[in-house]
Amino acid sequence: MGQMTRNEVFALAVQRYSDAVYRAAVHNCRCTADAEDVVQDVFEKLLHYNGSFESEEHLKAWLLRVAINRCRDLTRAAHQKDTELDENLPAPEQMPDGSVLDAVRTLPENYRNSVYLHYYEGYTAAEIGRMMKVPTNTVLSWLRRARAQLHTMLKEEIEDEVV
Amino acid sequence: MRWYEYKMEADELHVPEDLKAKLLAMTDQLTEEEKNQPMMPRPVSAAPAQPERREPKKKLIRFPAKQAGLLAACLAVCVVGYGALSTGTLSMGAKSSNVMEYSAASVPALGASDRSTVDLDGTEYGYGLENSADTAVGALSVGDAAPVEDRSAADSTKIIYTASLTLESRDYDAARQTLDQALTAAGGYLESGSEYTRANSARSASLTCRVPSDNYQSFLDAVAAAGRVTYKSQDAEDVTTQYMDVEARLANLEARRTRLQQLQQQAENLSDLLEIESSLSDVQYQIESWQSQLDWYSDQVRQCTVNISLNEVETYSPEIESFGARLAAALSNGWSAFVEALQELAVILFYLLPVLVIAAVVLAVVLVRRKKKKK
Numbered sequence: 001m002g003q004m005t006r007n008e009v010f011a012l013a014v015q016r017y018s019d020a021v022y023r024a025a026v027h028n029c030r031c032t033a034d035a036e037d038v039v040q041d042v043f044e045k046l047l048h049y050n051g052s053f054e055s056e057e058h059l060k061a062w063l064l065r066v067a068i069n070r071c072r073d074l075t076r077a078a079h080q081k082d083t084e085l086d087e088n089l090p091a092p093e094q095m096p097d098g099s100v101l102d103a104v105r106t107l108p109e110n111y112r113n114s115v116y117l118h119y120y121e122g123y124t125a126a127e128i129g130r131m132m133k134v135p136t137n138t139v140l141s142w143l144r145r146a147r148a149q150l151h152t153m154l155k156e157e158i159e160d161e162v163v
Numbered sequence: 001m002r003w004y005e006y007k008m009e010a011d012e013l014h015v016p017e018d019l020k021a022k023l024l025a026m027t028d029q030l031t032e033e034e035k036n037q038p039m040m041p042r043p044v045s046a047a048p049a050q051p052e053r054r055e056p057k058k059k060l061i062r063f064p065a066k067q068a069g070l071l072a073a074c075l076a077v078c079v080v081g082y083g084a085l086s087t088g089t090l091s092m093g094a095k096s097s098n099v100m101e102y103s104a105a106s107v108p109a110l111g112a113s114d115r116s117t118v119d120l121d122g123t124e125y126g127y128g129l130e131n132s133a134d135t136a137v138g139a140l141s142v143g144d145a146a147p148v149e150d151r152s153a154a155d156s157t158k159i160i161y162t163a164s165l166t167l168e169s170r171d172y173d174a175a176r177q178t179l180d181q182a183l184t185a186a187g188g189y190l191e192s193g194s195e196y197t198r199a200n201s202a203r204s205a206s207l208t209c210r211v212p213s214d215n216y217q218s219f220l221d222a223v224a225a226a227g228r229v230t231y232k233s234q235d236a237e238d239v240t241t242q243y244m245d246v247e248a249r250l251a252n253l254e255a256r257r258t259r260l261q262q263l264q265q266q267a268e269n270l271s272d273l274l275e276i277e278s279s280l281s282d283v284q285y286q287i288e289s290w291q292s293q294l295d296w297y298s299d300q301v302r303q304c305t306v307n308i309s310l311n312e313v314e315t316y317s318p319e320i321e322s323f324g325a326r327l328a329a330a331l332s333n334g335w336s337a338f339v340e341a342l343q344e345l346a347v348i349l350f351y352l353l354p355v356l357v358i359a360a361v362v363l364a365v366v367l368v369r370r371k372k373k374k375k
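These protein sequences, in sequence, are chains A and B. Mind the numbering: the first sequence is residues 1 to 163 in the numbering used here, read in order. Mind the numbering: the second sequence is residues 1 to 375 in the numbering used here, read in order.
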């Protein structure tokens, strides 16, 4: 048994969970460059984190939680700054092209995060509730509304699901 | 809802490798003490459990009485489709083992520096031959051909060799026989061939042979020995990059297929299942088309193509042409052309003979009548 050192934990987190963090970031950022910044910030935080983790699952949940928070901070900062648009700015890389992922990305923040955590990462509503510090039923209604919005966006039949 | 599509799209998202490297390098900021600070209990098993992706609870598919028949029909289609697909997958499995062989053979080529030297050899080789063919048509001897160097190194790269030769021979039958023997000895086969005889009873043949690349050079030497070479060109096309490209595409598609098959097993409702089926057959089709291209490349690499044209001549084309020789050649060519033209004229006359005879008879009759009238 024994304990994994900070160095080992960090390497493990990068190898195994950087993709999950990146995916969460892509769901919440306008372009991939922003998402990459978020990934870097999240791991920076992990590097200087003083607590400890109970398990790998705990580590993963922590990383996702921090990533989603970081994205929220970024969006808020962007709203507050309200800077003038620079004409030389490159166009956002990922234009919506009718894919489901793009549709999910246009959902409100809480909806898209719970969709990602539930449908991709496989967390239950209760777990997502714990992670986002909201009641389970809130998560369930987010998911339900998200499905309804996706339904109108994609004009497809949505199979309601018991979570 | 196309959740499987969403899953596949999210699957495509990966942290760029350079960012990963940057992240891993971040630990350098830590002091030794910080690095060794315990942070998490080591997982029990040696391979820490990959956090199992818990699937959301499955919902029972409701069977409304009205649609029960429709659903049953769909189910039957699915079962049949799945059966057909899984047999298709099996046969593809056999094919993909081929791919593995190819890639195993070509992997050493990737990093090997000898690949570039082979490339260079190939190009030089082509140039040298083109030049010599241009400057001294008819003066090429067998020894001029630069040998293909380092065949073993060439094996790891994918090069398509093509050669064209024009031969002339006074003894056509012997030359033809020598060619056949050379082809058998090299273990090649005749892809296409045609022979024809010209007016002055000179025969000629044009053959397209496929020879295993190992025996390529020896076959060329043997062919060159069968007669006098008046033209020879060799071409080496390096298709390693294209080959790798196709291989990579195939690997990608196969990964996609595996993922789709996983999703198929997890599919929760019929509409998902049907969509996955259609994506799967799409992927399967693409895999097959790329596979056939890969097979074509490996066939071309394994077997070189040699085009031979053999002409029967009475006198070999002169090697060096002095002014006198050219005059003599012009005179003799002119004379033979003149004779040939006369012969052609005679042939045409004979061709028209029946018409001419009838015309002569008619003319004679007319003339005789006119004379009679005058009288």
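Each hint should be verified, as a subset may be incorrect.
Said to hold, decoys possible - According to the in silico footprint, chain B covers these stretches of chain A (three or more CB under 8 Å from chain B):
(1) 19-29
(2) 35-43
(3) 132-140
No wet-lab data here; the hints were simulated from the structure. Ideal Cβ placement from N, Cα and C applies to all residues, glycine included.
How the hints compare with the structure:
no., hint, in the structure
1, 19-29, "holds (count 5)"
2, 35-43, "holds (count 4)"
3, 132-140, "violated (count 0)"
Checked against the numbered hints listed earlier, the structure breaks hint 3 alone; every other hint is satisfied.
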